[in-house]
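In the order they appear, the protein sequences are chains A and B. Position one of the first sequence corresponds to residue 3 (this note's numbering), numbered consecutively onward. Position one of the second sequence corresponds to residue 9 (this note's numbering), numbered consecutively onward.
It is worth saying that the hints were derived from the structure and are not from the lab. Computed from a predicted model, the values in this text were never measured in an experiment. Check each hint, because a few of them may be wrong.
As the list claims (entries may be wrong) - With beta-carbon atoms standing in for the labels, derived distance ranges:
no.: 1; chain 1: A; residue 1: L196; chain 2: B; residue 2: T211; range: 23 to 33 Å
no.: 2; chain 1: A; residue 1: S218; chain 2: B; residue 2: L200; range: 17 to 27 Å
no.: 3; chain 1: B; residue 1: G265; chain 2: A; residue 2: M221; range: 22 to 32 Å
no.: 4; chain 1: A; residue 1: I193; chain 2: B; residue 2: R207; range: 23 to 33 Å
Claimed, not checked - Far from chain B, some chain A residues (derived; all Cβ distances over 10 Å):
no.: 5; residue: V25
no.: 6; residue: R41
no.: 7; residue: L45
no.: 8; residue: I55
no.: 9; residue: I130
no.: 10; residue: G132
no.: 11; residue: E137
no.: 12; residue: L157
no.: 13; residue: L161
no.: 14; residue: L169
no.: 15; residue: T197
Beta carbons: idealized from backbone N, C-alpha and C, even for Gly.
So the chains spell out like this:
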Amino acid sequence: MHIPDNYLSPETCAVMGAVMVPVLAVSVKKVKEEISKARMPQLGIGAAFVFLIMMFNIPVPGGTSVHVTGAVLLAALLGPYSAVICLTTALLLQALLFGDGGILALGANTFNMAFVMPFVGYFVYKLIRGRMRSEKGALVGLAIGSYVGLNVSVLFTSLELGLQPLLFHTAAGQPLYCPYPLSITLPAMLIPHLTVAGIAEALFTVAVFSFIKRVSPGMVFEGEQESRGTGPVMGLVVALVCLSPLGLLATGAAWGEWGAGEISEVVTDGEALGFVPLGMQEGFQFEALLPDYSFSGLPEVAGYILSAVIGAALLVIVFRIVASLVRDKSAKNGAHNATQSE
Amino acid sequence: MAVPEWLLESQDFAPPVDKDGFINRSILSFMRLLSLVRAQERRGGGLGRLAVNPFFGVLCTLVLIVLVSLSTQLTFVYVVLAYLLVLLCVMPVRDLIATLRISLAVALITALIMLPSFLLGNHYSIIVVPLKVLVTVMAVNILARSAEWGRIITALRRFHVPHLFIFILDITLKYLVMLGEFTLTMLTALKLRSVGKNRSKQTALAGIAGTLFITSREMAEEQYQAMECRGFDGEYKLYDKFRFGLADAVYLLLNVGIVAAFVYLY
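Isolated chain A (complex conformation) (with noise of 0.2 Å):
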């Protein structure tokens, strides 16, 4: 799971540390409104902790063993913003002083290993929690969110290496970094985790948790009020946003936004279309305010970012605005129906 430099292009590392410097900082100021800031040594243990728990050998069938990683059990025993920052110290320390994962690539280790991993964990956790209110929803919740945290983080590692060699090439074509497509990294890395490995972390997670919870019950973070936040959606567009130089993947036009110059070669049973369509070569066409989503100067890949920022946020201000002024329409009513009925 530790991703070594040179497995990554220095572009890529770069845009990964940049997305984890507003997540450390939200995290550091949850932290500090959750404990007194004289509480703060407490995360330097937890950090030791969640390291030593890395390099515990759990047995799995065939006689072998894999690490695990603690990630999830970490954000459930001291709530998810204090797990991003001890996971962070400890990957931190694994690179710079015993040489464990690269030091360029901690911005995309931290990403996955100390961001998706503990925040989708217990995120799932939190959800099956809420809904079987038991002792045991809490178990089958930890098990089935270190489960699925441990392999979506996995799945985020296996798409950062199988984009390299599309991305970052010589002139010859021959990849520069990890020489791997997707179509290798994704099953080579997932099928694993999927199997054994994903299986092995989520019932070291339940069992180390289920003996805390009954020998020392306090110990175990409660979580935050319940409250239908926006926090997941907001989370959930943050990745998308990460995700989209992924549409670098297709070449081509998307099937059915095929412009005037792109129509003719448009195949049907074999056969290329061959001509444009009257009306689209005398219509009207609409020159976008982000062609293609490129920009000039810019490398695609932060071209596609940058679209997706704008969009999303765009998209974001308009939700608002249209939310707020149905809240002002409902506001406008209940106060009429009020006035009515006295």
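Go by the hints and put chain B onto chain A.
What follows is chain B alone, placed relative to chain A:
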């Protein structure tokens, strides 16, 4: 008093063999961790007069790694390799062997990973990527083995890493040893007490991890109380004297040379 007869009977007890490879591997990784931390504690001043200010160490290693990663010129990677080998020459032999062993091992694993791609006709990755990995791992290991870790962490302060974060890193490093020793004791006990078949070994491993967490929380509470008793109010200030010696000048000069080589070959 007569010795009871059953005590004189010779017994032939051969406990059935059980799979406990995972305990052995866990014990080994904890021992490796502790020996690494202890080795750097003993280092003290490190190379004495040859020791470089850790700030320059961290800065130059970072620049070096970025340049290696950016470079598409094999010649540049060889230049960096030559430079790192010269640095290795002045290191204590124990650190020299350890650095070489770990960097060669990681490079070899990378070469194995790249092998299928080579068979598919990609001749670039099989040479360049393992070589770059070798150089990077070597550079980081030289940094980690050339100074006391506490000083490397303090050096991060000059990169505007917040005080709070450095404080957390410091505490992590200290408690890594205390909690590591504690876990090692528990793992050893589990191994020694499991004579013959012990089906509950896996469960016991979860107990060890759970006890580790509870102990860490107790230690955190004690640490907090001890610090508060001594007047800690949440503000953590670092004071370190910045020094610049002959070794630093030579080291910086070598690194300027590396940057120049990068620009020249680019």
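Could you tell me which of the hints above the structure violates, numbers in ascending order? The structure breaks hints 3, 6, 7, 8; every other hint is satisfied.
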